[in-house]
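S.K.: Take the given structure of chain A and dock chains B and C to it, following the hints.
Below are the chains, spelled out letter by letter.
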Amino acid sequence: MNDVIAEIRRDYIYGLAKRSERADGRALDEYRPIQVEVGLIGKAEGSARVKIGNTQVLVGVKVQPGEPFPDAPDTGVIITNVELVPLASPSFEPGPPDENAIELARVVDRGVRESGAIDLSQLTLPDGKVWLIFIDVHVLDHDGNLMDAAALGALAALVNAKKPCERYGYGPDAPLPIKESPIAVTAVDLDGEIMLDPSLDEETIASSRITVISGLQGALAGMQKSGTGTLSVEEIARIVKLASSKAMQIRDDLFGGSTDG
Amino acid sequence: MKKQEKLDKTIVVPGDLLSEDATKAAEGTYVENEKVYSLIYGLADEREKVRVIPLSGKYLPAIGDVVIGMVSDISFSNWKVDINSPYEALMHISEDPRRIESSEMAKIMGVGDLAIFKVVDVDPSMKIELAPREGQLRVLRSGRIVEVSYTKVPRVIGRAGSMISLLKSKLDVNIFVGKNGRIWINGKAEDEDLAVEVIKRIEQEAHTSGLTDRITKLLEEEKHGVHEKR
Amino acid sequence: MEFMKNGKRIDDRLPNELRPIKFEVGPLERADGSCYVEHGGNKIIAAVYGPRAVHPRHLQEANRAIIRYRYNMASFSVEERRRPGPDRRSIEISKVSREAIDPVIIKEFYPRSTIDIFVEILQADAGTRSAGINAASVALADAGVPMRGLISSCAVGKVDDTVVLDLVKEEDNYGQADMPVAMDVRTGEVTLLQMDGHLTLDEFEQALELGKIGCASIAEMQREALIQKYRGEEDE
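Chains as they are written, first to last, in the numbering used here: chain A, 4 to 264; chain B, 2 to 231; chain C, 50 to 285.
Isolated chain A, as found in the complex:
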């Protein structure tokens, strides 16, 4: 019942889209207010809470020594998980991650990994162990665009994180070797109109959603199309350009051009 959107609402949103307008008055490429707060979970080695409008996610980064993968003995390990806990939305049910949670986790992971945000070769430890980095995204309030919030939270939490070297006898604590700054920008296609940072309704109504993750120089580190609609090559090219420049803007606004969180 939560998934049925009133026709009248659908018509209203499409009607506005045709005039390049949106229900909450935003411009097509405008984000809702973004708030990032770091370090709130002291027990985690790194943490960040991200709000995009009313959407809220909490990301905890745990860093612990552990065994590397047998085929990559000199490489640190990143494990990303997203919990769509039932308190965040009437449509989330308790249980193991469903396909949506898994997709979110894998895309966030790809963004971090493929952008080279963390230099995994610098995570080795003297005794043959490596640092394991757990990125756990705990969604608290779902009001659309969980992807961008989760990705941003992951980045902010990683920048905030410290390797707990002292606790394990590896010397003084130190930040993680962060080399890049992947920012995800999600767009939806509403009857040919492209909008960034979809609200809950826009996301539910749109037939396709596409996320573009780009780094400091604007190079692409990840992409994901979601949903059963189709997009033309021109539309995709347009979206990628728009998303890439938007990511720069978001990065500047939040991190002042660098990622010295």
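Warning: the hint list may mix true and false statements.
On the chain B side, residues computed to face chain A include the following (Cβ under 8 Å) [said to hold, decoys possible]: (1) K108; (2) L115; (3) I117; (4) I146; (5) S150.
Calculated lysine to aspartate or glutamate pairs in the EDC-like style (CA-CA distance at most 20 Å, straight line) [what the hints assert, rightly or not]: (6) B:K108 / A:D204; (7) C:K156 / B:D194; (8) B:K201 / A:D204; (9) B:K201 / C:E78; (10) A:K132 / C:E129.
To list a few chain A residues with every Cβ distance to chain B over 10 Å, as calculated [to be verified]: (11) N57; (12) P76; (13) N84; (14) P97; (15) Y173; (16) E196; (17) L223; (18) K244.
Because the hints were derived from the structure by calculation, they are not lab data. All figures in this text were calculated on a predicted structure; none of them were measured in a lab. Note that beta-carbon positions come from the ideal geometry of N, C-alpha and C, so glycine has one too.
M.R.: Structure of chains B and C alone, referenced to chain A:
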């Protein structure tokens, strides 16, 4: 600058003692050992009876209520209607004066369509039956729907309809307020936007005094001042 | 380990002192009611959905609402990263917590429905089930659920042969007894009682008395938080 809004009633929480006189107990309260206590988080209103007005909660339909419902499913001869309540309501095809075949139901009213209904029956297990408010089923095709907590509906309507009359006099729109908190607004686009804004404001400030004056002022300013397009 | 020194505990508190507690009502948009609590180092968020339709339908009860409670710990909430999902401890805590709050809810008002309570432990620092119950009570009130009263909870225990209120992590792990308790403070009815450790009958009575006092203080804070939410002394 801190703005203190005057509350015209006292906020109470479940278990708060309201009166030592059990005969005064009314809605939102319960009696234990001859004393009256609050059942809910709300505003205590004490006159000849003591009642607590809820600040939140789910709409429970009563016979006679007029509501705005949305079709969520169509079964053999019933439309299943979401009336923003823990309970789904049903409207049987025979409630519409026209002779409708089961196969035509989706054409008359499909999933996602809204209409104004009246509640004709509620049984003890909360099985709810609806009929069109009057005459035939008419789908609401244009305009906007705004949802507020059902607890704020009296405030949106106002004493003797004063608030709703105020809105209709200043704005070029039709407004229908469903008892279930769903409100339909239909008219000139900018006025629809303003109506939505005003209704949301009423919802937020429902429990404060001086609201009618503030809304009147807001409407004057927006209509006659520079109405900035966002 | 020495727990008591000059009448003070390892975190400098007196035996009958609660840790600092802060409640925030209604921080979430989607949930029908919500409450965030910080209790010592605990950071916990509770949310309520309901009454709402029950799925799967066979779980519904003809004459009243069912109550469901899910206590869950975030992976990053504890020192060593925890695998997500319910473990046996979470399941037990969910059960006793549900049974702590169920008695005050007027379920008969909502036949064939469910009231779902979700408690997420974002950071754990001993006494999570009590803090969760406190937040859940406030979230239920915020959601407009009719109740006879709020349920308040705290843990009492014993360290160095002294009965103490609101155990901190080390006291919980290495002390002599741990006893979470929950009650409707107004009526004095106990709705949750668990004990783990060693207490003489005398010590138990002392502990229960101390628990009552602790719960009473917490009830005041829960009430105050709900009232503050609507006091309207904030900028729009």
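S.K.: Under the criterion of a CB-CB separation shorter than 8 Å, is B:S150 in contact with chain A as hinted?
M.R.: violated, 16 Å
S.K.: Hint check: B:K201 vs C:E78, CA-CA at most 20 Å. Holds or violated?
M.R.: holds, 15 Å
S.K.: Please work out if C:K156 and B:D194 have their alpha carbons no farther apart than 20 Å.
M.R.: The given pair, whose Cα atoms are some 40 Å apart, is violated under the 20 Å limit.
S.K.: Just checking, A:N57 versus chain B, shortest CB gap more than 10 Å?
M.R.: About 14 Å separates A:N57 from the closest Cβ of chain B, which puts it past 10 Å; holds.
S.K.: Quickly compare the C-alpha distance for B:K108 and A:D204 to 20 Å and report which way the hint goes.
M.R.: This hinted pair is violated, its Cα atoms lying about 25 Å apart.
S.K.: Check the non-interface label on A:E196: least C-beta distance to chain B beyond 10 Å or not.
M.R.: holds, 17 Å
S.K.: Verify this label for me: A:P97 is non-interface relative to chain B, using a Cβ-Cβ cutoff of 10 Å.
M.R.: A:P97 clear of chain B: closest Cβ-Cβ about 19 Å, beyond 10 Å.
S.K.: Run the distance test for A:K132 versus C:E129: straight-line Cα separation, threshold 20 Å.
M.R.: Measuring from Cα to Cα gives roughly 17 Å; hence the hint holds.
S.K.: Since A:K244 was said not to touch the interface, does its Cβ keep a gap of more than 10 Å from each Cβ of chain B?
M.R.: holds, 25 Å
S.K.: Under the criterion of a CB-CB separation shorter than 8 Å, is B:I146 in contact with chain A as hinted?
M.R.: At about 6 Å, which falls below the 8 Å cut-off, the nearest Cβ of chain A leaves the hint on B:I146 intact, so it holds.
S.K.: Checking the smallest CB distance to chain B, is A:Y173 really beyond 10 Å?
M.R.: A:Y173 is indeed farther than 10 Å from all Cβ atoms of chain B, at 50 Å.
S.K.: Would the hint on B:K108 be counted as holding, given a Cβ-Cβ threshold of 8 Å to chain A?
M.R.: Violated, because the Cβ-Cβ distance from B:K108 to chain A comes to roughly 14 Å (cut-off 8 Å).
Going down the numbered hints, you'll see the structure goes against 1, 3, 5, 6 and 7, while the others check out.
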